[in-house]
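Asks: Residue numbers for the sequence shown follow full-length UniProt numbering, so the first one is 1 and each next one is one higher.
Worth flagging that the hints you see were computed from the coordinates, not collected in a lab. Any given hint might turn out to be false.
With a straight-line Cα cutoff of 25 angstroms, these simulated SDA-like cross-link-like pairs (lysine to any residue) come out [as the list claims (entries may be wrong)]:
no.: 1; residue 1: K223; residue 2: R239
no.: 2; residue 1: K221; residue 2: E174
no.: 3; residue 1: K114; residue 2: P265
no.: 4; residue 1: K85; residue 2: R55
no.: 5; residue 1: K195; residue 2: E174
So the derived label-pair ranges between C-beta atoms look like this [claimed, not checked]:
no.: 6; residue 1: Y126; residue 2: I5; range: 15 to 25 angstroms
no.: 7; residue 1: P173; residue 2: E220; range: 11 to 21 angstroms
no.: 8; residue 1: E275; residue 2: T4; range: 46 to 56 angstroms
no.: 9; residue 1: E220; residue 2: R186; range: 14 to 24 angstroms
no.: 10; residue 1: N227; residue 2: P265; range: 36 to 46 angstroms
no.: 11; residue 1: R239; residue 2: K195; range: 21 to 31 angstroms
no.: 12; residue 1: G132; residue 2: T190; range: 48 to 58 angstroms
no.: 13; residue 1: G19; residue 2: C54; range: 24 to 34 angstroms
We put the beta carbon where it would ideally sit given N, CA and C, even for glycine.
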Amino acid sequence: MTWTILVLVVGILLFLFGGMLLPKNNDKKSAAGNIVLGKCINLIAIILIMGSVCRLYTPFYLTKINPIIVQEMVNGMQEQQQAEKNKQIRKAVRSEGDKMMRDAPILGNRDAKKTIYVWTDFSCPYCRRVHGELERVLADRDDTRVVIKNFSIHGPLSDGPARAVIAANLQDPEKAAKLTNMLMTREFYTQDDLKDQSKLADKVEANVMKMAKEVGLDTEKLKEDMNGEVVARELRNVRDLAQRFEINGTPFLIVGEQAFPGAVPADQIEAALDE
């Protein structure tokens with residue numbers, strides 16, 4: 001702003017007093033040259049003045065007189081970014097779909113033609129809400145499956161449950177789906193558990209094991225597999241894809257080949273599936 005005002009002042013001074021810079025010669029050749037030079041000085045002055053005025057007025061116009069233009073520009077940029085992200089997602093889903101599903105728990109019809117990927121966290125309230133919406137979708141149609149990508153981002157509250165459902169999938173995919181639903185609809189830690197962070201991971205795992213036993217899983221084998229290579233590989237895949245797709249939080253859905261960050265309602269999910 002300071003430099004713009006300074007340029008404006010220089011332009012005004014140049015326009016008003018630029019003639020004083022011309023050489024004082026009386027011959028006709030010099031006079032003709034002074035006329036051309038004077039016009040050039042005036043042109044430069046006008047350019048400086050107009051450029052400065054435009055630079056000063058434009059922010060005022062965009063923020064005070066017609067701010068909707070700024071919003072339209074932002075929306076346009078976001079649409080372009082989303083289109084580019086969807087392009088990357090389409091490429092990944094088409095070329096790496098099998099790898100994305102290989103070790104992940106799956107809800108619904110495992111052989112369905114339509115796929116929803118959801119980056120989720122069992123300790124995230126918005127993820128729990130979206131899980132309910134996904135359950136509504138699955139209840140309405142058998143042509144869709146939901147691939148659970150457990151994005152462990154909340155430390156002990158996320159890590160144990162994420163590892164458990166991935167490990168459960170090695171034992172029994174149906175029981176892994178039941179454990180996923182149970183962890184999304186029940187509490188697996190208490191407020192008292194949060195008081196001692198040093199023991200929180202152990203308490204969460206103990207509660208998760210109770211649920212795992214309830215759905216009929218071998219908990220000793222489950223604990224062993226939770227620290228195995230398959231679980232580590234799936235968690236790496238989740239993180240790598242999250243970085244590639246610029247997923248910074250949960251929930252995040254890929255419905256078909258479109259990205260939907262945030263808590264998406266069932267009707268919007270179904271509309272995307274039917275496109």
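Asks: The structure should be examined with respect to each hint, and the outcome stated for every one.
Replies: Okay, the hints, checked on the actual structure:
Straight-line distance between C-alpha atoms of K223 and R239 comes to about 22 angstroms, which keeps the hinted pair within the 25 angstroms bound. At roughly 16 angstroms between alpha-carbon atoms, K221 and E174 fall within 25 angstroms of each other, so this suggested pair holds. Restraint check for K114 and P265: the C-alpha separation of about 18 angstroms stays at or below 25 angstroms, so the hint holds. With a C-alpha separation of about 33 angstroms, the suggested pairing of K85 with R55 is violated against the 25 angstroms cut-off.
A distance of roughly 34 angstroms separates the Cα atoms of K195 and E174; the hinted pair therefore is violated under the 25 angstroms criterion. Under the hint 15 to 25 angstroms, the C-beta atoms of Y126 and I5, about 48 angstroms apart, miss the expected range. About 19 angstroms separates the C-beta atoms of P173 and E220, a value consistent with the hinted range of 11 to 21 angstroms. Under the hint 46 to 56 angstroms, the C-beta atoms of E275 and T4, about 48 angstroms apart, fit the expected range.
Taking 14 to 24 angstroms as the suggested C-beta distance range, the pair E220 and R186 conforms, at roughly 22 angstroms. Checking the proposed 36 to 46 angstroms range against N227 and P265 shows it holds: the Cβ atoms sit about 37 angstroms from each other. At about 30 angstroms, the beta-carbon gap between R239 and K195 stays in the expected band of 21 to 31 angstroms. Separation of G132 from T190 is about 22 angstroms and departs from the stated range, judged on CB atoms against 48 to 58 angstroms.
Take G19 and C54: their Cβ atoms lie about 26 angstroms apart, and the range 24 to 34 angstroms holds.
Of the hints listed earlier, those the structure fails to meet are numbers 4, 5, 6 and 12, in rising order.
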